[in-house]
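2 protein chains.
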Amino acid sequence: MSTNLRTIFFVSDSTGITVEKLGHSLLSQFPDINFQTVSLRYIDSKQKAENLRVEIEGAAKKTGRPPIIFSTLVEPKLREIVRTDVAVLLDLFEIFIGLLEVPLNQKATPTAGHAHYVAEPDKYMARMDAVNYALRYDDGLGVGESGYAQADVILLGVSRCGKTPVCLYLAMQYGIFAANYPLVDEDLQTTALPASLRAFKPKLFALTIEPLRLQKIRTRRQTGEEYAKIVQCRREVAQAETLFAENQLAMLDTSTISIEEIATQILMQLHLNR
Amino acid sequence: MSTNLRTIFFVSDSTGITVEKLGHSLLSQFPDINFQTVSLRYIDSKQKAENLRVEIEGAAKKTGRPPIIFSTLVEPKLREIVRTDVAVLLDLFEIFIGLLEVPLNQKATPTAGHAHYVAEPDKYMARMDAVNYALRYDDGLGVGESGYAQADVILLGVSRCGKTPVCLYLAMQYGIFAANYPLVDEDLQTTALPASLRAFKPKLFALTIEPLRLQKIRTRRQTGEEYAKIVQCRREVAQAETLFAENQLAMLDTSTISIEEIATQILMQLHLNR
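As you go down the protein sequences, you meet chains A and B in turn. Each residue of the first sequence is one higher than the one before, counting from 1 in our numbering. Each residue of the second sequence is one higher than the one before, counting from 1001 in our numbering.
Don't read these hints as lab results, they were simulated from the structure. The beta carbon of each residue, even a glycine, is placed where N, CA and C say it ideally should be. Each statement offered as a hint is correct.
Calculated cross-link-like contacts (lysine to aspartate or glutamate; reagent style DMTMM-like; alpha-carbon spacing at most 20 angstroms):
1. B:1216 <-> A:122
2. B:1021 <-> A:101
3. B:1021 <-> A:260
4. B:1123 <-> A:260
5. B:1107 <-> A:32
6. A:107 <-> B:1032
7. B:1123 <-> B:1152
8. A:21 <-> B:1260
9. A:123 <-> B:1260
10. A:216 <-> B:1129
11. A:216 <-> B:1122
Just so you have them, the derived chain A footprint on chain B, three or more residues with Cβ under 8 angstroms:
12. 1011 to 1019
13. 1166 to 1176
Let the sequences and hints guide you as you build the complete structure.
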């Protein structure tokens, strides 16, 4: 029996994405506890629920402490199978549907939560179109004015400051058409915007990064190159920031924040409300 | 005043991703109500919270019904500003932290939820490495045995069955190294696995799709080509499915399920527990 070890089960009848995200963010509020998490997805039959119950009871016995189960089981019968007095069951559906039925003055119609993406096929197709757009117009390769004209946002910044993953995330998650433009040495010789971007100023969003962080990322990729030297990183970042300031572009430092945070900051600052 | 219209606010002091996901999936259980949703991210100061309160009170007046607020505000003071008796406040932090402190026998240490990605820099770097891997080895271009040797999973299927976005999602969300191999006419002439994949059979996962759906997707991209004709789609899918069966590969039909569902099914079926 290990001290301060707690087993957490994330249980879902679907992908488990929501319950895992919420669970991890709640557990981060208890930094002194050593959590061992187990994700169990697609628990959508009596048999699977019964196997899960056995696993939960086993974990309770092994750790000597009640495991905590975060779940999103739409089907009440499955919840009842999983409910045991040796564990704590926090079912998001059960808790919230109860809290919603009263103010909405209506009973919920239990339908599996995972249907909501496919229930909106146009929205879903739009997300896929956006992913293809991001891939096609990655790194400013062969993008003419026609390519940029379709963009909701055009990210610019020095090589390896995080543009590509942010574009892909904006596309996949929000259906945003995001192109990106890497500032190369030639662009950085001047404080004017690159010619192909000038017509699209309201769509521009600048990313910057601390030179040391940039060096670390660049070194991870290609070693021994001019490109990853700290002096080069410092010079590029300074020149890029001057260019951004000169053109009064919205700018975000990506050094210590995640792709998700960069993407949602862009949505908010450019008022792209998806 | 519109009938059965309800305003929903998704409020967060950070990205709002968790609260939006949970909220949308809960609202999908009330199909008869016409929800108008508003996302408000980075509500992290008294001033922003006070502005939000004014907006909530305005919505209550306009619709004649109490708006519902789903929020994840770590700071209790901000929750108190947002709390008004003309709306229903469901704060995920407030609800769940209360439910967790008792069984964990410990008070929570309130820290902004968004820190949890950056709090694990190695894990975060691994996700970015996985995105770069997926981009580098997209479409089987130039992948030798050394490229596939690094893969956690190799998706195979006909062109446009959804391989690329699934690889990117697996990378971004779970740090999985996912490569993909598009089956071209030459591969489909035989039921043997393409030579470059034979050494990696346990990593293979096959995607299939209904021919009509495939045709629809292909037509969206390039019209008037042989490639998008239904007879061509039917033939390719039939040949691919024969190849998958002959080699006893795990296979999933992507026709009616989302990227998220495909990705999590792969995790589960290949026991990639991230």
